[in-house]
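Q: Residue numbers (the working numbering), protein chains in the order written: chain U, 1 to 114; chain S, 1 to 111.
Just so you know, these hints were derived from the structure itself, not from any lab.
Zero decoy hints are in this set.
Here are the computed lysine-lysine pairs in the DSSO-like style, where the Cα-Cα straight-line distance is at most 30 Å:
id	chain 1	residue 1	chain 2	residue 2
1	S	K58	S	K37
2	S	K98	U	K102
3	S	K98	S	K68
4	S	K58	U	K102
5	S	K37	U	K102
6	S	K37	U	K20
7	U	K41	S	K71
8	U	K41	S	K58
9	U	K41	S	K98
10	S	K42	U	K55
11	U	K14	U	K64
12	S	K37	U	K41
13	S	K68	U	K102
14	S	K58	S	K68
15	S	K42	U	K66
16	U	K102	S	K22
17	U	K64	S	K98
18	S	K57	U	K41
19	S	K71	U	K102
Here are a few chain S residues that face chain U, going by a calculated C-beta distance under 7 Å:
id	residue
20	Y32
21	K42
22	G43
23	P44
24	K98
25	F101
26	Q103
27	G104
Between beta-carbon pairs, the in silico distance windows are:
id	chain 1	residue 1	chain 2	residue 2	range
28	S	E79	U	Q29	29 to 39 Å
29	S	T69	U	D27	37 to 47 Å
30	S	S18	U	S9	32 to 42 Å
31	U	S83	S	E79	43 to 53 Å
Each residue gets a CB set at the ideal place from its N, CA and C atoms; glycine is no exception.
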Amino acid sequence: GAVVSQHPSRVICKSGTSVKIECRSLDFQATTMFWYRQFPKQSLMLMATSNEGSKATYEQGVEKDKFLINHASLTLSTLTVASAHPEDSSFYICSGREWGEKLFFGSGTQLSVL
Amino acid sequence: GENVEQHPSTLSVQEGDSAVIKCTYSDSASNYFPWYKQELGKGPQLIIDIRSNVGEKKDQRIAVTLNKTAKHFSLHITETQPEDSAVYFCAGGTSYGKLTFGQGTILTVHP
Numbered sequence: 001g002a003v004v005s006q007h008p009s010r011v012i013c014k015s016g017t018s019v020k021i022e023c024r025s026l027d028f029q030a031t032t033m034f035w036y037r038q039f040p041k042q043s044l045m046l047m048a049t050s051n052e053g054s055k056a057t058y059e060q061g062v063e064k065d066k067f068l069i070n071h072a073s074l075t076l077s078t079l080t081v082a083s084a085h086p087e088d089s090s091f092y093i094c095s096g097r098e099w100g101e102k103l104f105f106g107s108g109t110q111l112s113v114l
Numbered sequence: 001g002e003n004v005e006q007h008p009s010t011l012s013v014q015e016g017d018s019a020v021i022k023c024t025y026s027d028s029a030s031n032y033f034p035w036y037k038q039e040l041g042k043g044p045q046l047i048i049d050i051r052s053n054v055g056e057k058k059d060q061r062i063a064v065t066l067n068k069t070a071k072h073f074s075l076h077i078t079e080t081q082p083e084d085s086a087v088y089f090c091a092g093g094t095s096y097g098k099l100t101f102g103q104g105t106i107l108t109v110h111p
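This is chain S alone, in the form it adopts within the complex (with noise of 0.2 Å):
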């Protein structure tokens, strides 16, 4: 089956700075990538996904890359701001499949 690996656990910045997360895959079959973002005792939120026959897509402040031949995708968060603190999941699968998700990257945006 899938294996996601997601890097760092943590990550701190100062309000403004970029945020890159990063995750590898293992399974070459997958081809979406979902991130989301979870709040304390919250469910997860979607905030951008790719498809396999995509490299890059972006969403205002959000971008993410997907590197098919390495097998990993990042998540790029530009003018970080406090409200985007938070845990950051990655997830790999097929299409219509089920989906595995990454350890999760707890981010602190510092004001």
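So that you can see chain U by itself, here it is in the shape it has in the complex (with noise of 0.2 Å):
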């Protein structure tokens, strides 16, 4: 299957520092980028899609100034955690789409924010 390399895989920080999550289809282009939060033992909850060169589209309840998602290149999307703080702790997990319907996810963020 495709790959989507995500980094970093662990983020430690201080409350109130912005945190950079990273996304890149290696072998695909992505014509869609999903960003996913995900609690533990709990399952996937969307928190925005994004399309190439376009603005994401967030779901209800989600800040959208709090988590910034860029999708500039067809393999790279980023999601800013901006100004983190201790609720913010959690899996952040990406998954890209190019043509078709398979959905190919990355390795996944685990961010503490202390």
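Bring the two chains, given one by one in their own frames, into a single complex with the hints.
A: Right, here's the structure in full:
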């Protein structure tokens, strides 16, 4: 299957710090990227959908000023958690889709805000 | 919007036995149903998917069945192995839209 490289795998930061998470599609062009948040032992919660070159569409209840998504190219999407606080601690996962139906996921980023 | 319910939440089997995980969905417009395997600390990995115009699909030890009328679909794993132990998620949605995920099933295969 297609590969989505997500970095970093783990981030520990102080409250108030901004954190950037990168996702790169290595062997396909991700026309659409999805960003999810996952709490321990829970399902994936969709945060936002982004199409290359367009503004992201955020799910209800997700603060667009806190979770900044950029999808400037067909192989790169970034999620920036602005001024992170302890309640933002979570596992963040991206997934990319080319032209077909299949979604391919990154390996996830565990964010811990102290 | 779509709502996907998944059962059971945990499933424990002996190596070599079969495992079945079931999901129901609510939106009759949904036509794409993938299954993902997630290991601890990793992202989900697509293991099999099915479209609504197909009733069953098989890939080696893994099969998925879909009943459009009843709006449910199931994952079947035969001859389970310890390395099958993971969390499994079903999902439903339209082919090129967003997916809604089930709550997940923790599968444990005992040697």
